[in-house]
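Please build the complete structure, drawing on both the sequences and the hints.
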Amino acid sequence: MPDRLDLLQGTLDLLILKALSLGPLHGYGVLLRIEQISSQRLEIQQGSLYPALYRLEHQGLIASEWGESDNKRKAKYYRLTPAGRRQLRTEADKWSQMAGLMASILNTTPEQI
Amino acid sequence: MIFARLRSWWRATRHAARAESDMDRELHAHIEARADDLMARGMAPEEAHRRAEFEFGPLTQTMEACRDARAANLGPSLLQDLGFGLRVLRKNPGFAVLAVVTLALGIGATTAVFSLVNSVLLRALPYRNPGRLVYLFEPVPHITGVPLEAWGPFNADFYDWQSQSRSFSHLAVFTSDSTNLAVSGAAIRVTSSRVTGEFFQTLGVPPELGRAINPDDDRPGSDNVAVISHALWQSQFGADPHVLGRQVLLNAEPGRIIGVMPPGFCFPHGAESFETAEAGGKATDVWVPLALTPKEKAMREEGPGYAIGLLKPGVAPASAQAEIAAITANIDKLHPPFFQGATSVIRPFDVEITGGSRRALLTFLAAVLLVLLIASSNVASLVLARMHGRAREFSLRAALGASRGRLIRQLSTESLCLAGAGGLLGVLAAWLTIRLLVHFHAANIPRLDETTIDARVLLFALGTSLATVFLCGLFPAWPASRCDIHEVMKRSASRTVRGTASNLHRGLMIGQVALTFVLLAGSGLLIRSFLNLQAVDKGFRPAATVSVDIRLDARYNTPVRQVAFFRQVIDGTSRLPGVEAAAAANFLPLGGGQSISAIEVEGYPFDDKTFFEQRDVSPAYFAAEGIPIFEGRAFTDADAGSSQPVIIISRSFARRYFPGQRALGKKIHTSGHRVVVGVVGDVRQYSLETAPLMQFYLPLWQNGGWAANIAARTTVSPDRLASDMRGLVRNLDPAVAVGAVRTGSELVAAATAERRFETFLLTSFAGIGLFLSLVGLYALLTYSVEQRTAEIGVRMALGAQPGSILRQVLAQGTTLALGGIVLGFAGAWLAARSIASLLFEVKPTDAPTFFAVAALFCAVALAACYFPARRATRVDPIVSLRAE
Chain X
1 MPDRLDLLQG TLDLLILKAL SLGPLHGYGV LLRIEQISSQ RLEIQQGSLY
51 PALYRLEHQG LIASEWGESD NKRKAKYYRL TPAGRRQLRT EADKWSQMAG
101 LMASILNTTP EQI
Chain S
1 MIFARLRSWW RATRHAARAE SDMDRELHAH IEARADDLMA RGMAPEEAHR
51 RAEFEFGPLT QTMEACRDAR AANLGPSLLQ DLGFGLRVLR KNPGFAVLAV
101 VTLALGIGAT TAVFSLVNSV LLRALPYRNP GRLVYLFEPV PHITGVPLEA
151 WGPFNADFYD WQSQSRSFSH LAVFTSDSTN LAVSGAAIRV TSSRVTGEFF
201 QTLGVPPELG RAINPDDDRP GSDNVAVISH ALWQSQFGAD PHVLGRQVLL
251 NAEPGRIIGV MPPGFCFPHG AESFETAEAG GKATDVWVPL ALTPKEKAMR
301 EEGPGYAIGL LKPGVAPASA QAEIAAITAN IDKLHPPFFQ GATSVIRPFD
351 VEITGGSRRA LLTFLAAVLL VLLIASSNVA SLVLARMHGR AREFSLRAAL
401 GASRGRLIRQ LSTESLCLAG AGGLLGVLAA WLTIRLLVHF HAANIPRLDE
451 TTIDARVLLF ALGTSLATVF LCGLFPAWPA SRCDIHEVMK RSASRTVRGT
501 ASNLHRGLMI GQVALTFVLL AGSGLLIRSF LNLQAVDKGF RPAATVSVDI
551 RLDARYNTPV RQVAFFRQVI DGTSRLPGVE AAAAANFLPL GGGQSISAIE
601 VEGYPFDDKT FFEQRDVSPA YFAAEGIPIF EGRAFTDADA GSSQPVIIIS
651 RSFARRYFPG QRALGKKIHT SGHRVVVGVV GDVRQYSLET APLMQFYLPL
701 WQNGGWAANI AARTTVSPDR LASDMRGLVR NLDPAVAVGA VRTGSELVAA
751 ATAERRFETF LLTSFAGIGL FLSLVGLYAL LTYSVEQRTA EIGVRMALGA
801 QPGSILRQVL AQGTTLALGG IVLGFAGAWL AARSIASLLF EVKPTDAPTF
851 FAVAALFCAV ALAACYFPAR RATRVDPIVS LRAE
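The listed protein sequences derive, respectively, from chains X and S. Position 94 of the first sequence, counting from 1, maps to 94 under this note's numbering, and the rest follow consecutively. Position 257 of the second sequence, counting from 1, maps to 257 under this note's numbering, and the rest follow consecutively.
Hints are computed from structural coordinates only; laboratory data are not their basis. Just so we're clear, the structure is a prediction, and the values are computed from it rather than from any experiment. Just so it is clear, CB atoms sit at the ideal spot from N, CA and C, and this is done for glycine as well. No incorrect hints appear here.
Now the stretches of chain S that chain X is said to cover, found in silico as 3 or more residues with beta-carbon under 8 Å:
id : segment
1  : 28–34
2  : 46–60
Below, a list of computed lysine to any residue pairs in the SDA-like style, where the Cα atoms sit at most 25 Å apart:
id : chain 1 : residue 1 : chain 2 : residue 2
3  : X       : 74        : S       : 43
4  : X       : 72        : S       : 55
5  : X       : 72        : S       : 44
6  : X       : 74        : S       : 28
Looking from chain X toward chain S, a few residues come up when the C-beta cut is under 10 Å (computed):
id : residue
7  : 28
8  : 29
9  : 31
10 : 32
11 : 46
12 : 48
13 : 52
14 : 54
15 : 57
16 : 58
17 : 69
18 : 71
19 : 74
Structure (structure tokens):
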């Protein structure tokens with residue numbers, strides 16, 4: 001099993017938005033999708049997913065409706081709203097800028113100064 | 001986004017039940033799905049379910065977090081807090097009642113005083129442009145002893161100001177008089193004002209009916225017109241809509257009513273001007289044109305009126321003053337020599353009208369804020385005490401997952417319940433207090449009677465209540481919410497000696513005592529001042545005297561006619577049943593009014609810098625007012641007309657000018673060469689608080705006068721005498737009215753009313769503060785004894801004597817009280833300077849007052865400590881050891 005990373009503070013919302021941008025999912029599906037696209041390297045406390053989903057819905061970034069899951073169970077499906085899509089874009093931009101900046105700072109060698 | 005949030009909150013709240021079941025289903029669906037996955041990997045169903053639930057984590061906490069995320073909790077949990085808070089308070093009614101009453105006292109007193117400040121200092125004056133209205137005075141600085149407010153401009157100077165200045169939109173002069181008004185039948189006395197043409201334009205208040213006086217009316221020989229007040233319209237004309245054009249008699253001359261002013265307009269009003277304060281502080285009811293003749297307009301030694309002006313927009317009072325001062329300097333040489341050197345002073349309306357009471361009101365506000373602080377800290381220490389008792393409850397709730405924020409919210413909601421109830425009761429108390437204060441108060445603070453509870457006052461009360469929530473709820477809640485579960489569990493498991501009250505609690509108590517001491521010391525100083533004032537030698541005996549004032553009209557235009565009329569009144573009054581002496585005088589002691597002059601005493605050079613109080617009195621005046629005669633005689637009916645001019649002087653006058661000699665027979669020059677025929681006692685004429693100038697008396701029968709006060713020493717009731725005198729005057733001349741009836745005691749009461757009011761108010765605050773801090777002290781000790789029951793039980797079981805237990809608890813209480821007193825002593829020592837101007841013949845740092853207050857406080861604090869201490873000695877060791 002690859003090393004598992006704890007979630008950085010504040011990144012769960014962004015991950016959920018990303019997961020949902022690939023298509024509507026129910027809560028458990030979101031969890032699986034994140035684990036899948038992170039190649040099982042991110043561990044998410046399952047219970048903590050729902051407050052985040054509810055918060056995003058409260059903010060109008062995602063919307064939900066009840067549907068039927070693959071194995072014929074009733075499940076609540078979440079999808080991205082246009083506002084959520086915009087939010088994902090700006091957050092992703094910020095994130096990659098930050099990541100690039102951090103990477104370049106951390107890769108600085110004495111010679112470069 | 002905002003809408004989405006609101007919608008989400010609304011859905012969560014509105015469809016709470018469905019949202020709950022949805023959430024439940026969703027979370028369980030998750031766990032089911034996970035279990036399915038695990039089973040698909042070959043796990044046994046039971047094991048799979050257990051594993052799925054474990055991985056999910058604590059379900060109820062997740063649900064709570066979800067509710068929080070949707071803000072669904074806000075409504076229900078607030079309600080829950082509220083309900084729980086109320087239940088908690090109901091379970092402990094003693095605490096709740098004590099806290100609510102304490103808060104009600106604090107908030108009520110603060111709100112009441114704030115509403116006074118609001119109506120007197122903050123609320124705009126009821127004129128169109130109150131901010132631009134100013135008074136204009138023309139003082140002559142070398143004439144000392146005359147208050148600024150008495151210096152209305154000289155007539156010609158005013159008209160020069162009016163024609164030359166550019167700073168004013170309007171300028172006007174008004175007088176404060178009283179008038180005999182006859183609508184039908186006998187005349188009544190009303191307060192009146194003669195005004196120049198721009199008076200109503202200056203104030204900018206349009207009449208309710210008809211028209212106001214305009215510049216065309218302000219001419220000699222034009223129709224006699226009159227504008228009346230709303231109150232007079234109602235009382236004398238039955239609010240008749242056809243009152244316009246009605247003919248009335250004003251000082252026995254016909255006049256026509258042209259307008260009615262709206263309710264509340266009564267300028268010049270009461271203490272607003274020097275002169276009406278003398279006339280008894282009444283609201284003006286009738287306005288007539290001043291209509292000066294050209295000859296009067298040209299006078300530079302007469303100025304019967306007071307000037308007001310409306311500044312042009314954007315003109316500052318200071319620049320207007322500079323302009324007026326320049327004009328005045330130019331015309332100064334035209335004044336008679338005595339009045340040369342005249343200057344001018346411009347004062348904004350609000351400063352002039354309420355400036356004098358600003359200091360006293362702000363002192364009250366400061367004092368009442370101390371009361372509020374005491375009340376808040378009292379409730380805070382009550383809450384703290386309970387918090388200790390509830391430590392186990394809180395640690396249990398914390399253990400069950402309540403967050404710190406949640407606990408603080410719970411506690412704040414409880415304080416909110418308290419403060420809400422306290423605030424409501426407080427506003428009610430404030431309303432009652434205001435009624436009492438307005439009723440109690442005798443018109444010395446202008447606009448006080450307009451005090452009501454308006455939106456601003458309610459807002460203030462709300463703010464105050466919220467501030468107390470913060471002070472007495474959140475503040476103690478903070479340490480309590482941080483309760484350490486282990487600590488509490490450990491403590492409750494064992495039966496060791498518990499800490500007594502916390503440091504915070506003790507600190508609050510000491511602060512409270514200190515604040516109370518400051519209040520007590522302040523009120524002690526005021527009480528001493530008041531007693532000093534009561535003990536002042538007034539120089540006359542006000543008890544059993546009754547006075548009325550009578551003003552004659554133009555038919556009595558010679559001294560002979562005036563004297564003849566007043567002699568008839570005096571003779572008639574003297575014959576009334578129960579009258580021991582009756583006399584007339586232009587001004588009565590403490591009746592308001594002052595006339596001062598410089599005179600020449602034979603043997604001394606004329607000194608125009610030394611002023612004397614002058615009275616014109618009839619023969620029995622000294623007997624009627626109870627003024628002692630030390631040498632010579634009073635006036636007689638023979639001192640009249642063209643007989644030898646005589647004068648009576650006060651004792652300080654005699655001592656200053658004729659030391660060691662007989663004053664009788666000395667010569668004094670004032671309106672003729674006069675011979676001293678008597679020396680009488682000094683009388684506090686104008687104010688009880690200041691020693692009078694040297695005084696002299698002239699015979700009224702020699703000088704005459706338009707108006708006089710009739711004073712009678714009597715054995716019958718004032719009302720009976722007054723109605724007898726009214727009948728007497730009506731028989732003599734029905735067009736002459738008898739003015740306000742005042743007893744000597746009423747005059748003295750009015751002269752001390754302001755001080756009594758201040759003393760009463762500050763003493764009430766101190767009383768409330770004392771009560772609160774004694775309750776606080778009592779509660780703290782009771783609580784501490786309760787907490788230490790086990791310890792005391794152990795000690796008693798080991799043989800401690802009740803005496804030593806008693807001493808120990810008493811010592812605990814008195815230490816706190818003494819700490820507070822020492823702190824308060826220092827605070828009061830510093831704070832007392834700020835009320836120095838409110839004191840009378842007592843130093844702000846009067847040691848006897850301070851020590852008396854300290855002793856009083858110690859005594860009552862000891863009493864407050866005694867009961868809890870007694871309770872401690874009654875602890876039964878067996879019961880107390882089982883108590884836990």
